[in-house]
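Chains as they are written, first to last, in this note's numbering: chain D, 1 to 316; chain B, 1 to 284.
These are calculated hints, taken from the structure and not from any lab test. Even for Gly, the Cβ is constructed at its ideal location relative to N, Cα and C. Don't take every hint at face value.
Said to hold, decoys possible - Residues of chain B placed beyond 12 Å of chain D at every Cβ, according to the derived structure:
| hint | residue |
| --- | --- |
| 1 | VAL16 |
| 2 | VAL25 |
| 3 | LEU52 |
| 4 | SER53 |
| 5 | HIS231 |
Claimed, not checked - A few chain B residues that face chain D, going by a derived Cβ cut-off under 10 Å, partial list only:
| hint | residue |
| --- | --- |
| 6 | ASP17 |
| 7 | PRO117 |
| 8 | LEU152 |
| 9 | LEU283 |
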Amino acid sequence: MVDLAIETRGLTRRFGAQSAVSQIDLAVPQGSVFGFLGPNGSGKTTTIRMLLGLIEPTAGESLVLGESMPRSWRSVLPRVGALVEGPAFAPYLSGTANLMRFDAADRDSDRRTRRTRVEAALARVGLSPAAGKPVKAYSLGMKQRLGLANALLRPRELLVLDEPTNGLDPQGTREVRSLIRSFAADGTTVFVSSHLLAEVEQLCSHVAVMSAGSLVAQGTLDEMRGPDATTVAVLTPDTDAAQSVLRALGLTPVSVALDHGGHRITAAIDRSRVEVDSLVASLVAGGVRVRGFTLEEPTLEDRFVALTGEGFDVVA
Amino acid sequence: MSSPEPGIRRRRLVGVDLVGSELAVLFRRRRSIAMLVAIALIPILLAVAVALSTRSLEPGQGPPFLDSVTQNGLFVGFAAMIVGIPLFLPLTVGVVAGDTIAGEAAHGTLRYLLVAPAGRVRLLLVKYVGTVAWSLAAAFTLMLSGAIIGSLLFPVGPVTLLSGDVIDVPEALLRSLLVAVYVSVSLMGLSAIGLFISTLTDVPVGAMAATVIVSVVSQILDALPQLEWLHPYLLTHYWLDFADLLRNPIEWSSFGSNALLQLAYIAVFGSLAYGRFASKSILS
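If we strip away everything but chain B, and leave its shape as in the complex, we get (with noise of 0.2 Å):
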């Protein structure tokens, strides 16, 4: 390939080194380590609160699957999604994505990344691009962090689904695998909603904080039976039902609607911050 100028190749189309530079400053930071090694230490806490206890668990006590941890190692990175779920995942995610243009616009950076130029359309998507990578690292990282800690602190063998079926322990690894799957979905509306609220402030607190408030409210809206009508749209609604992926047959449907009503909030979010970023003026 002929260079018309040292430095520059012309006409890519897309030019995916933003999306490797956003991974590698986004894994690198600190902040980022910080809270993924945070989130690993939920099922070890949970692990170890449960193997020093000497009290007994009456089955159904406690938060869901918690009760089977002893029998079986494998239910702990299922117990400690339960756990993780409602606050401290969308918490992670809400900082990852309230950081992503209000973090650079803090540090003054957005208008060199725009000079550059990166294009704001194509920054806006490798910032969620990152986010959505956010998502699945938190994810995995509770999950396989759960299976470690479980197999080394207790019994590991075939898993009583809650079917009552039996399945073999690489058949409950793929079904962890795919938990952490649903969970990262369920996390990337609120992904998109974070990316939004970004575009709109160069105060990257403010964007993280009201990103989170968002989850909160979802959830408590959701756990209001005079609200029953507006359940199934909100971001939340499904956070909890990746346990219908431990039965047998699998229950899909209950991923199909969280991963249809998660794109739903990509799609309106998304476009929301589009029309704010694609027009804004830069002045930090």
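Just chain D, with the same shape it has in the complex (with noise of 0.2 Å):
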């Protein structure tokens, strides 16, 4: 049995008549980089909410670092860095002036090492040139580096990241990619929401999603993923010696016609019971002319629309 760093357990919030929350039961494996995926709107930010003690559940119990919330706060967000829905400073305080008054919110914070750790964590995203800043003039890249760098004012056990890489450019996104990377590195457990499928993908050990409220899938990225979805596709003019040689190795071909002539054929295949590697060569004994063989890995897109649904739902 793995520790778990967040743990939920019919966590549930309701808004009136409304479930923003219903019945989830998180899992975050300590040492994961966890994605929490889901729509807009999908209930990612007020589970957030709820781990963090910022609302209160209506039912349901969460554990985070092994100890429940919102109940013992005390001991455990000292432990636990966090960016919620976006960075939110005074904007008429410098960068260094926002991160000092946040580390001398909590009573234990050491206020002789304040200094040097704000400083410390504004090298770290990078953000030292512009620490005397005003906020108001930062932009909104800087703010949300701002952000992380608030979240990193102490080591911590848990980073919990609400869409940490919203308004980066390509450059601050990879460069937050490698400082989450950093994190999980020194064994910090980091708990990512995004709608970025392909952040996560690339980020992320665990994944779970969420739709209208729903948890509808949790597992591992190769559990997510699914076993088996890879599909072959061959480009050919001869579809029909194609089609019977794929039959005969006991898959199901598609063809489809191409505009500029010749035939794109694709089958599921399971890597268990065929052979890939054989395949090209199989076509070949038949006589089929091979112009293009490719396998097609399922991604997370496909994985997480096919949960999700297509479309801009809310639910209302």
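Starting from the two chains in their separate frames, assemble the complex, guided by the hints.
Structure (structure tokens):
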């Protein structure tokens, strides 16, 4: 049994008659980089707010770092760094002054090391040159980094990052990704919410998917991708010959005529039963002229759309 | 002291750093400085107007103490306090107290303070301490500015009190400080109301306006003779009675009644603020 950094049982929050989050059972293993996915409005931020004690659940319970939230906030929250629904700062204060203020807010933080820790956190996100400027002069990307720096004022056991790359340019996104990897390398559990699937796919070891307030799937990244959904695609002018070769191997090919001549034949393939590497040889031996051959791995996006549906449905 | 982890000293009971941080933020803010400057301008405007005027006031004409200003500069502070207490000082208290929680909510910093974690009760207390510090700063700024401009423009000497007794200059300055304390205390109940209103909304301007309206309505009710039974319970009832500190011997009863009344308002609205904020869903 793996120790869990976050565990919820039947966690539910209703606003009036509407359930923002209903009956979710999260299990975030310690040391994982856990991607918390879902379309906008699916209840991700409400869940995060409950985990951090900002709102009370209507029902259910949550354990963060082994202790009950919100009851044990005093011992839990100092060990958690958080970025919740975008960064927020007093615009008239400098970056440094804002971080000093948040650090002073915790009665257990050490005044003697405060300035050093603030400077180190600013350096880690590359904001040292702008540390003295008022936050209102910051770009969105700089505020996002300052928000990350705030989460890093101390060594943390858990980082809860809500949309950490929101508003960042491609370089900034890469930097945040490498920062998250470095936190994970230190043994910190990172809980990242995002709707950017490619990002989650590159970063995370585990994934959970929210849809309309419910947790629809949860597991390791490989489990989520699905084991048997690899597809082969063959480009050829000899569609009949190719299809019969594939059928002989136990596949069910589908042929589509291409505009510029020839056909594209696709078939789902169970890699434990069919030897992929010998497929082309079999096709050629069957007299098929192979113009192209590709193996298509399922993406998280396919799985995500399958779970949460197409389009922009907001639950009313 | 050994630290279990870098940056953490466990088991502190209160942790005063947040108070220091709150006061530093409050008093370094441009808005606060502008309001203190405006407060300091009240006695300056008043003194300059009197000094430039060729018409001398009959005794008893104009606001209390104004007729005495030309004979003794030390009266400038008292006259300015009479002018400032009904609207201008409560206005600044409304801005500061109304901003406490709603202002943090509007900036989104409330969630980060709570996640830090500041603790809800502790944050509320720290915010209230900030408003108390503001009341003191506002009253003392006005008094100090009055004493300075009064001594520059008018003669300064022994002060003839309302009771007819004469006190010397150091004694008169001491009485000025007492008046400033009286006015600060007068504003503390309103601060508690402002703090409570501030927990109800994420729109600071709304909380500020509502707080100022409370003080204005209270003064209107206090002026209606038909509601005489209500008057001793009104927040603003004793606001102008600081003049009792300018008698010999000092008439302490209004100071005491005022302090008790303000304490009652602090208790009631402090509890309401706690009741609201301790369980509030932070959605900002």
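Here is what the structure says about each hint:
no. : hint   : in the structure
1   : VAL16  : violated, 9 Å
2   : VAL25  : violated, 7 Å
3   : LEU52  : holds, 38 Å
4   : SER53  : holds, 41 Å
5   : HIS231 : holds, 41 Å
6   : ASP17  : holds, 4 Å
7   : PRO117 : holds, 4 Å
8   : LEU152 : violated, 34 Å
9   : LEU283 : holds, 7 Å
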